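**Q** Sequence:
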Amino acid sequence: MTDRDDERELAEAVAALQAAEERVAEALRGYLSRDPVTGRPPHGRIGRAARLTGWGEQRVKETVTPALAERRRAKRKATGS
64 MTDRDDEREL
74 AEAVAALQAA
84 EERVAEALRG
94 YLSRDPVTGR
104 PPHGRIGRAA
114 RLTGWGEQRV
124 KETVTPALAE
134 RRRAKRKATG
144 S
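Going by this note's numbering, the sequence shown opens with residue 64, and the numbers climb by one from there.
By construction, these hints were calculated from the structure, which means they are not laboratory data.
In this text the structure is predicted, and so the values were computed from the model without any measurement.
Misleading hints may appear alongside valid ones.
Claimed, not checked - Distance windows between CB atoms, simulated:
1. D68 x G93: 32 to 40 Å
2. R135 x L115: 33 to 41 Å
3. R114 x R139: 19 to 27 Å
4. A83 x A141: 14 to 22 Å
5. E85 x L131: 13 to 21 Å
6. L131 x G102: 12 to 20 Å
7. D69 x K138: 33 to 41 Å
8. E70 x D98: 41 to 49 Å
9. A141 x L73: 34 to 42 Å
10. R71 x G110: 35 to 43 Å
11. G143 x A74: 29 to 37 Å
In this text, a Cβ means the ideal position worked out from N, Cα and C, and glycines have one as well.
Throw the hints in and build the complete structure from the sequences for me.
**A** Written out as structure tokens, the structure reads:
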């Protein structure tokens with residue numbers, strides 16, 4: 064295989080991975096959405112979602128709530144960490 068073939072294969076794999084991650088994120092948003100009747104958050108599901116995806120609770124929370132990720136990034140940037 065040439066370098067170009069390797070690079071093309073890698074680019075295709077990355078694109079497939081990104082598409083799969085977006086499908087997982089969309090499924091997480093549905094799984095962790097608030098109860099439509101009561102408006103309550105899905106207690107206990109974040110840990111289960113983290114175990115199912117292998118992403119960790121913080122990544123799951125930030126995937127479902129992008130504003131949370133932005134707040135955390137801003138806080139890290141402000142503290143210089």
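**Q** If any of the earlier hints don't hold here, list their numbers in rising order.
**A** 2 and 4
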